[in-house]
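Residue numbers (full-length UniProt numbering), protein chains in the order written: chain A, 1 to 200; chain B, 1 to 223.
Watch out, some of these pointers could steer you wrong.
With a cut-off of at most 20 angstroms between alpha-carbon atoms, the simulated EDC-like pairs for lysine to aspartate or glutamate come out as follows [unchecked claim]: (1) B:83 with A:115; (2) B:83 with B:113; (3) B:83 with B:123; (4) B:83 with A:179; (5) A:76 with A:95; (6) B:60 with B:72; (7) A:76 with A:135; (8) B:83 with B:72; (9) B:45 with A:125; (10) A:76 with A:99; (11) B:45 with A:99; (12) A:76 with A:115; (13) B:83 with B:211; (14) B:60 with B:7; (15) B:83 with B:126; (16) B:83 with A:125; (17) B:60 with B:46; (18) A:2 with A:38; (19) B:83 with A:34; (20) B:60 with B:113; (21) B:45 with B:7; (22) B:60 with B:123; (23) B:83 with A:128; (24) B:83 with A:150; (25) B:45 with B:64; (26) B:45 with A:162.
Source of the hints: derived by calculation from the structure; they are not laboratory data.
Values in this document were obtained by computation on a predicted structure and should not be read as measured data.
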Amino acid sequence: MKHAPLVDQLIHAFTCLPGVGPRSAQRMAYALLDRGREQGRRLGDALHAAMDGVQHCQRCRNYAEAELCPICESPKRDASLICIVSTPADVLAFEQSGEYLGQYFVLMGELSPLDGIGPRELGLDVLEQRLQGGEIRELILATGTTVEGEATAHYILDLAQDAGVQVTRIAQGVPMGGDLEFVDGATLAQALRARRPFES
Amino acid sequence: MSRVEQDLQPAWLLHRRPFRNTSLIVELFMPALGRVGAVVRGGRKDSSLSPFRPLLVELKASGEMYSLRGCEPRAPAMHLQGKALYCGFYVNELLTRLLHRDDPHPDLWPLYEHTLNALQQGEMLDVVLRQFEIGLLEEMGYGIDLGHDIQGEPVRPDGYYQLNPEQGLLAASQGYPGSDLLAMLNGDWQADTRRTARQLCRALLAPHLGDRPLKSRELFRER
Numbered sequence: 001m002k003h004a005p006l007v008d009q010l011i012h013a014f015t016c017l018p019g020v021g022p023r024s025a026q027r028m029a030y031a032l033l034d035r036g037r038e039q040g041r042r043l044g045d046a047l048h049a050a051m052d053g054v055q056h057c058q059r060c061r062n063y064a065e066a067e068l069c070p071i072c073e074s075p076k077r078d079a080s081l082i083c084i085v086s087t088p089a090d091v092l093a094f095e096q097s098g099e100y101l102g103q104y105f106v107l108m109g110e111l112s113p114l115d116g117i118g119p120r121e122l123g124l125d126v127l128e129q130r131l132q133g134g135e136i137r138e139l140i141l142a143t144g145t146t147v148e149g150e151a152t153a154h155y156i157l158d159l160a161q162d163a164g165v166q167v168t169r170i171a172q173g174v175p176m177g178g179d180l181e182f183v184d185g186a187t188l189a190q191a192l193r194a195r196r197p198f199e200s
Numbered sequence: 001m002s003r004v005e006q007d008l009q010p011a012w013l014l015h016r017r018p019f020r021n022t023s024l025i026v027e028l029f030m031p032a033l034g035r036v037g038a039v040v041r042g043g044r045k046d047s048s049l050s051p052f053r054p055l056l057v058e059l060k061a062s063g064e065m066y067s068l069r070g071c072e073p074r075a076p077a078m079h080l081q082g083k084a085l086y087c088g089f090y091v092n093e094l095l096t097r098l099l100h101r102d103d104p105h106p107d108l109w110p111l112y113e114h115t116l117n118a119l120q121q122g123e124m125l126d127v128v129l130r131q132f133e134i135g136l137l138e139e140m141g142y143g144i145d146l147g148h149d150i151q152g153e154p155v156r157p158d159g160y161y162q163l164n165p166e167q168g169l170l171a172a173s174q175g176y177p178g179s180d181l182l183a184m185l186n187g188d189w190q191a192d193t194r195r196t197a198r199q200l201c202r203a204l205l206a207p208h209l210g211d212r213p214l215k216s217r218e219l220f221r222e223r
């Protein structure tokens with residue numbers, strides 16, 4: 001054995017992180033042991049607390065500490081406007097835009113039958129119940145533009161239409177400050193199809 | 001012709017999944033090789049590597065898997081939407097589940113292309129799927145004769161038949177109506193025939209799928 005068992009165990013534990021192989025794991029472990037004992041303890045405490053304390057929000061499925069996440073709990077957010085996103089990172093992106101005052105529904109993935117991800121894995125039965133409940137006025141689809149994202153969007157469109165809820169989809173096209181020359185053909189074609197009257 | 005062009009072969013991507021940080025493992029369907037698995041180094045950001053898009057790929061054998069060295073679109077992507085897209089997933093799931101890797105099926109290639117084109121047209125999607133399923137079973141050597149029972153007697157329009165997936169149709173007092181079996185054979189797809197065909201194909205596929213059901217069936221909502 002190259003290391004003491006406890007060191008070995010620590011190195012091995014770090015390799016569960018994305019992008020961390022044995023070498024980086026070893027560097028991380030040594031960094032904490034050499035001169036970061038206090039930070040290391042804090043890291044351990046934070047990991048413990050998060051692994052035990054973080055659950056899924058019962059309304060939107062985003063990460064939450066209580067039954068509801070802060071967004072779903074906030075009285076300032078419009079509960080009749082729901083934006084459907086694939087990941088918690090997408091929620092963050094929308095929040096940073098500062099434009100959106102509705103709530104979210106976080107799928108934690110997209111429909112991908114060949115990966116074993118069907119409607120139930122995405123909590124779409126929960127969404128269906130909420131749609132049937134009648135409190136939702138508009139659903140905004142913001143799933144990805146891959147085939148999986150398309151399939152997911154269409155499945156949800158179906159659910160919403162059955163419940164008589166209006167569905168919109170975020171616009172797709174040329175990025176702000178973008179140079180047309182560098183936009184790919186498919187995006188440009190979509191931008192052209194979805195063009196709008198230009199008014200002052 | 002340059003060497004690269006010679007080495008580019010037509011392919012359809014059936015499935016992609018992330019591998020390591022930036023790479024992909026893809027399942028490809030190719031005319032000469034059948035279903036193959038390939039690693040695409042740094043392929044995560046390549047949006048052209050998508051299902052339902054005709055591709056040209058250059059493969060290099062490396063161990064059990066191939067590695068994909070080059071890839072370009074062969075034609076614009078198929079425009080599959082809604083139910084047609086679910087059907088596309090279903091077809092891809094069938095191929096991934098039923099074909100062994102590196103087992104060539106040159107006759108399946110035109111059937112797959114025909115199926116995607118028909119799905120894109122968007123009419124009678126279930127019939128398109130049935131024709132694909134029947135063609136796939138035949139190609140795998142599990143096709144059955146819809147015109148005759150196990151004894152070799154012609155199927156009677158007023159008779160009923162049970163299915164033995166390995167051997168074929170057995171005359172019986174109830175089961176699949178003979179008239180529907182003959183209609184399937186003649187390509188006359190009325191509503192009753194379509195329902196019978198769905199049950200029959202399900203029963204024919206079941207022994208090859210084992211106890212893990214096809215996930216893409218969940219996308220079709222019963223109303």
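Hint by hint, here is what the structure shows:
1. Taken as a hint, the residue 83 of chain B and residue 115 of chain A pair is honoured in the structure, with Cα atoms around 19 angstroms apart against an allowance of 20 angstroms.
2. For the hint pairing residue 83 of chain B with residue 113 of chain B, the CA-to-CA distance comes to about 18 angstroms; that is within 20 angstroms, so the pair holds.
3. A hinted pair counts as satisfied when its Cα atoms are at most 20 angstroms apart, and residue 83 of chain B with residue 123 of chain B qualifies at roughly 11 angstroms.
4. For the hint pairing residue 83 of chain B with residue 179 of chain A, the CA-to-CA distance comes to about 35 angstroms; that exceeds 20 angstroms, so the pair is violated.
5. A threshold of 20 angstroms between alpha carbons decides the hint, and for residue 76 of chain A with residue 95 of chain A the separation of about 14 angstroms falls inside it, so the pair holds.
6. Distance restraint check for residue 60 of chain B and residue 72 of chain B: the Cα-Cα separation of roughly 16 angstroms lies within the 20 angstroms cut-off, and the hinted pair is therefore satisfied.
7. For the suggested pair residue 76 of chain A and residue 135 of chain A, the alpha carbons sit about 16 angstroms apart, so the restraint of at most 20 angstroms is met.
8. With a CA separation close to 27 angstroms, the supplied pair residue 83 of chain B and residue 72 of chain B exceeds the 20 angstroms bound.
9. At most 20 angstroms may separate the alpha-carbon atoms for a hinted pair to count; residue 45 of chain B and residue 125 of chain A exceed this at roughly 31 angstroms.
10. Under the criterion of a C-alpha separation no larger than 20 angstroms, the hint pairing residue 76 of chain A with residue 99 of chain A is consistent with the structure, at around 13 angstroms.
11. A C-alpha spacing of about 28 angstroms is found between residue 45 of chain B and residue 99 of chain A, which places the hinted pair above 20 angstroms, so the restraint is violated.
12. With a C-alpha separation of about 38 angstroms, the suggested pairing of residue 76 of chain A with residue 115 of chain A is violated against the 20 angstroms cut-off.
13. With a CA separation close to 25 angstroms, the supplied pair residue 83 of chain B and residue 211 of chain B exceeds the 20 angstroms bound.
14. Of the supplied pair hints, the one linking residue 60 of chain B and residue 7 of chain B holds, its CA atoms being roughly 10 angstroms apart against a limit of 20 angstroms.
15. The hinted pair formed by residue 83 of chain B and residue 126 of chain B meets the criterion: a straight-line CA distance of about 10 angstroms does not exceed 20 angstroms.
16. About 19 angstroms separates the Cα atoms of residue 83 of chain B and residue 125 of chain A, which keeps this hinted pair within 20 angstroms; it holds.
17. For the given pair, residue 60 of chain B sits about 19 angstroms from residue 46 of chain B by alpha-carbon distance, which is consistent with the 20 angstroms threshold.
18. With a CA separation close to 25 angstroms, the supplied pair residue 2 of chain A and residue 38 of chain A exceeds the 20 angstroms bound.
19. Between residue 83 of chain B and residue 34 of chain A, the direct Cα distance comes to roughly 58 angstroms. Violation of the 20 angstroms bound is thereby established for this hinted pair.
20. For the proposed pair residue 60 of chain B and residue 113 of chain B, the alpha carbon gap of about 24 angstroms is over 20 angstroms, so the pair is violated.
21. With a CA separation close to 23 angstroms, the supplied pair residue 45 of chain B and residue 7 of chain B exceeds the 20 angstroms bound.
22. With a CA separation close to 39 angstroms, the supplied pair residue 60 of chain B and residue 123 of chain B exceeds the 20 angstroms bound.
23. Taking the CA atoms of residue 83 of chain B and residue 128 of chain A, the gap is near 18 angstroms; set against the 20 angstroms cutoff, the hint holds.
24. About 11 angstroms separates the Cα atoms of residue 83 of chain B and residue 150 of chain A, which keeps this hinted pair within 20 angstroms; it holds.
25. Distance hint between residue 45 of chain B and residue 64 of chain B is unfulfilled; the C-alpha atoms sit about 24 angstroms from each other, more than 20 angstroms.
26. Our distance criterion of 20 angstroms between C-alpha atoms is broken by residue 45 of chain B and residue 162 of chain A, whose separation comes to about 36 angstroms.
The earlier numbered hints that this structure contradicts are 4, 8, 9, 11, 12, 13, 18, 19, 20, 21, 22, 25 and 26.
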